[in-house]
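Q: Sequence:
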Amino acid sequence: MSDLKWWETAVIYQIYPRSYQDSNGDGIGDLKGITSRLEYIAGLGVDAIWISPFFMSPQRDFGYDISNYCDINPEYGTLADFDEMVAKIHDLGMKLMIDIVPAHCSDLHPWFEESRQSRDNPKADWFHWVDPNPDGTVPNNWLSFFGGQAWSWEPRRQQYYLHNFLSEQPNLNHANPEVRDALNQVARFWFDRGVDGFRLDAVHTINGDQAPYLDNSANPNFVPGDLPQQQQPFFRQLHDVAQLNQPAIQTFSENYRKITDEYDGDRFLMGEVDGDKGCAMEVSKTFTDTGRLHATYNFDLLAWGGLSVDGLRNA
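FYI, the numbering for the sequence shown is -11 to 303, going by the numbering used here.
Please note that a few of the clues may not be correct.
[To be verified] In silico lysine to aspartate or glutamate, EDC-like type, Cα no more than 16 Å apart, as pairs:
#	residue 1	residue 2
1	20	101
2	273	260
3	20	-9
4	76	101
5	246	180
6	246	123
7	246	203
8	-7	180
9	76	156
10	-7	169
11	111	101
12	-7	254
13	-7	35
Everything labelled a hint here was simulated from the structure, so no lab data went into it.
Working from the sequences, and respecting the hints, build out all of it.
A: See the structure below:
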């Protein structure tokens, strides 16, 4: 009998629920629609299904802006629909992975809505709030993956907040143990409902730094239009060593691994990571060190190596 874990040999089939099967004719895919297609998916030889975000969300970033980590967007169904889907997936001998977004949430999440009100509320330091420079400008030169500054102004607090992506996706403050505990509860909630693994979205953007935040240095190798730089032309103008792949990430990954190991059935953690070409493999090794994530993937390796086995091997 093989000693390999299920995820070491699995064929994983990704589903973006919104554009998959619609069960009620409203033009939007949903969980019941996925359930109706499970026999077909199993017949393809699929071992595991990975479902992209289906949580409560204002959908500013395709569901990766989560306003409630423990409930279903009504367009997709209910928790009862989810439980029915999980049971059928397991009955067909398949596993289920879902996305968790640990670095940021929606600006409409109750956590952020409370935090932004004042500097002295119970969730005041659940996000990265920083005073402006004396001239009123942003704290440093960090850029968003989606272009522009990674800082937005909140007039009620008279402070800037950090967002590595959209301004509607504020970064959670992983230096705060209450934030880490809240995310731990999210993991247990879904593991308790039978989920077999998590794909951790943009896990390399977790930040636990405290002010003052260091500037990123200029990237002398930046060439607009070059791969992979053309994917994020503004962001790649700077090296990201001050902004990304910070030590707080591994506190998170070690906590999540401990929780994962509490459950039977070889639960699985896979992280989406990123790193400049010279350190991409080292970043992945750090994330998968003993007691951390089981696996990672890096989109940039495809950009550097091309969509071929030989190219990826060389990358």
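Q: All the hints need checking, so say for each whether the structure fits it.
A: Now the hints, each set against the structure:
1. 20 x 101: violated, 32 Å
2. 273 x 260: Answer holds: residue 273 to residue 260 is near 13 Å, not above 16 Å.
3. 20 x -9: violated, 35 Å
4. 76 x 101: Violated. Residue 76 to residue 101 sits at ~37 Å, over the 16 Å cutoff.
5. 246 x 180: Between residue 246 and residue 180 the Cα gap is close to 15 Å, so the pair holds against 16 Å.
6. 246 x 123: violated, 45 Å
7. 246 x 203: Violated: residue 246 and residue 203 sit about 33 Å apart, past 16 Å.
8. -7 x 180: It is violated: about 20 Å lies between the C-alpha atoms, which goes past 16 Å.
9. 76 x 156: Distance of about 35 Å is beyond 16 Å: violated.
10. -7 x 169: violated, 28 Å
11. 111 x 101: Holds, at roughly 9 Å.
12. -7 x 254: Holds: residue -7 and residue 254 sit about 7 Å apart, inside 16 Å.
13. -7 x 35: Holds. Residue -7 to residue 35 sits at ~12 Å (cutoff 16 Å).
Violated hints, listed in ascending order, are 1, 3, 4, 6, 7, 8, 9, 10; each of the other numbered hints is respected by the structure.
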